[in-house]
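**Q** Please model the entire structure based on the sequences and the hints provided.
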Amino acid sequence: MSVFSTIFTQLMNGLQTGSVYALVALGYSMVYGIILLLNFAHGDIIMVGAYTAWLFMVNFGQSPWVAVIAAIAACTVLGVVIEKVAYTPLRKAPRLSLLITAIGISFLLENLAQLIFGAGARPVPTIIDVAPVTIGSVSISGTAIVTIIVSVVSMILLNLLIKKSKMGKAMRAVSEDTGAAQLMGISLNKTITFTFAVGSALAGIGSVLYCAAYPQASPTMGAMLGLKAFVAAVLGGIGSIPGAMIGGFAIGLAEAGASALGLSVWKDAVVFAILIVVLVVKPTGLLGRNLQEKV
Amino acid sequence: MSKLLPVPSRGMIPERDIESPPVLEAIHLGVDFGGLVAVDDFHLLIGRTEISGLIGPNGAGKTTVFNLLTKVYQPTRGTILLGDKDTAGMNTSQVCRAGIARTFQNIRLFKDMTVAENVMVGLHHDIKYHIPGAIFRVPGYWRQEKAARGKAKDMLSIFNMQDMGDIKAGGLPYGAQRRLEIVRALATDPSILLLDEPAAGMNPSETAELMENITKIRDVYQIAIMLIEHDMKLVMGICEGIAVLNYGKIIAKGTPAEIMSNPVVVEAYLGKKEA
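Those sequence lines, one after another, are chains V and U. Read in order, the letters of the first sequence are residues 1 to 295 in this note's numbering. Read in order, the letters of the second sequence are residues 1001 to 1275 in this note's numbering.
Hint data in this document are derived by calculation from the structure and do not stem from the laboratory. One thing to keep in mind: the hints can contain errors.
Said to hold, decoys possible - Here are some chain U residues pointing at chain V (derived, C-beta under 10 Å):
#: 1; residue: T1092
#: 2; residue: V1095
#: 3; residue: R1097
#: 4; residue: I1100
#: 5; residue: F1110
#: 6; residue: D1112
#: 7; residue: N1118
#: 8; residue: E1145
#: 9; residue: T1188
Unchecked claim - Computed beta-carbon distance windows for the label pairs:
#: 10; chain 1: U; residue 1: G1150; chain 2: V; residue 2: G61; range: 16 to 24 Å
#: 11; chain 1: U; residue 1: D1086; chain 2: V; residue 2: V152; range: 36 to 44 Å
#: 12; chain 1: V; residue 1: I7; chain 2: U; residue 2: G1170; range: 40 to 48 Å
#: 13; chain 1: U; residue 1: G1170; chain 2: V; residue 2: V77; range: 35 to 43 Å
Values in this document were obtained by computation on a predicted structure and should not be read as measured data. Ideal placement from N, C-alpha and C gives every residue a C-beta, glycine not left out.
**A** Written out as structure tokens, the structure is:
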């Protein structure tokens, strides 16, 4: 393989994992933007999505399409239920209580999955069956292409939703000034529920794409993926939607870059080194805005 | 309790509104913060199309009254009637939808959103589609968005701001930000508009224009307007009824002429005359 084709292949790998990170990071960032909560249960929603896909394909013998829709629906519903059951009662509690609750929910989901499905990994059948595309001497896997296209389309739709729709404007208004938004007649509960639903649906899409690349479901799969997406959100500037997208792709490319240099054992370390550097050099991330004290 | 009131509460309503029911009625309203009584026995009726003023020295509790009326603080005592609706148990957004809109002393626009989007947040109640509708009935959904955009532009024209729709609200000059806040509040379709120091930081000519516009808004929209203001020329110039607050209590109510000659008010503002 020539140097060029190695670079190109790794670039595609980076974009593929990066787009999954970006989809998951969006959920982190949106929720943080609205209620200043680092929703550490977000990663485990992906695990539930993966098990749902597995359940539908292996146990119920459904087609991948049905499994994909079921996984996204399960993630959306789960995200909303978590918000209602665990976070709504703590709306007025200190942020730390919310954070600890999120970690608690994360453990609950992981252990529940272990109880129900066992500790071992379950192989997920092929979800995306697209022939690889060959350009010159380089061949790109069909999964990579579909993953990148699906996530870019999802992000464009999300952008339209946030920029143009009524609920999107409500989300931005709440995230900028919750009090003023409510005084303009915006229902805080509805807006928060909507945010969790959208964020979790994106995680659902992410879970399917992740399973397409790494075809197995295990109880702790969401933990590392969630953490890396969190790093992506922090790198982009937590609370910033375009930031989460950029951060996700940057983390994916950094990982691929480490692998290309023969440091694939170190790729997790590279990601967390990025987190440390961001927190030291520019804690607000690439596109984050400085938090001003409200008068 | 009511015998404590220095002026009868029905003394304020302008004559043309006497026949119609009051738009807002605060009955013995009060709030405590810890042991501190911030507002007590606040009793007020506001006429359907009245422009009224709430004045008083700094720290008298004027903004606290606005915060009580809009449920930013839940009242410890008393009742707020909006038309014939009791607002007990409502939260801020419900009170807004029931018809109270407000602006803020320190401007609280959504600065990262455009001017038109700020107004459209105010129009939120007006856009009827639901989330499933947004997903499945795409054409109807964009039509409503477009209608809202048009309406926002129309409303901005009150202050001649219809061409500023695409500017970021945070980038507007100060006076325009204050005007935009009023438009955003009007967009929620209120029956009473609360303005918290609308003329703060404005120069005399801007203030004069604002006075005209407040009266114009009242005439066009046929709503009641209540304002907190320190600029006495504005207050005495456009308010039909004035309530004076000191140490959280109403010390006087009446027409501008009555207030200006009221010795209790003069004392609250200037201190006791030396004998």
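**Q** So, for every hint listed, does it hold in this structure?
**A** Now the hints, each set against the structure:
| no. | hint | in the structure |
| --- | --- | --- |
| 1 | T1092 | holds, 4 Å |
| 2 | V1095 | holds, 8 Å |
| 3 | R1097 | holds, 5 Å |
| 4 | I1100 | holds, 9 Å |
| 5 | F1110 | holds, 5 Å |
| 6 | D1112 | holds, 6 Å |
| 7 | N1118 | holds, 8 Å |
| 8 | E1145 | holds, 6 Å |
| 9 | T1188 | holds, 5 Å |
| 10 | G1150(U) <-> G61(V): 16 to 24 Å | violated, 52 Å |
| 11 | D1086(U) <-> V152(V): 36 to 44 Å | violated, 52 Å |
| 12 | I7(V) <-> G1170(U): 40 to 48 Å | holds, 42 Å |
| 13 | G1170(U) <-> V77(V): 35 to 43 Å | holds, 37 Å |
Violated hints for the displayed structure, listed by number in ascending order: 10, 11.
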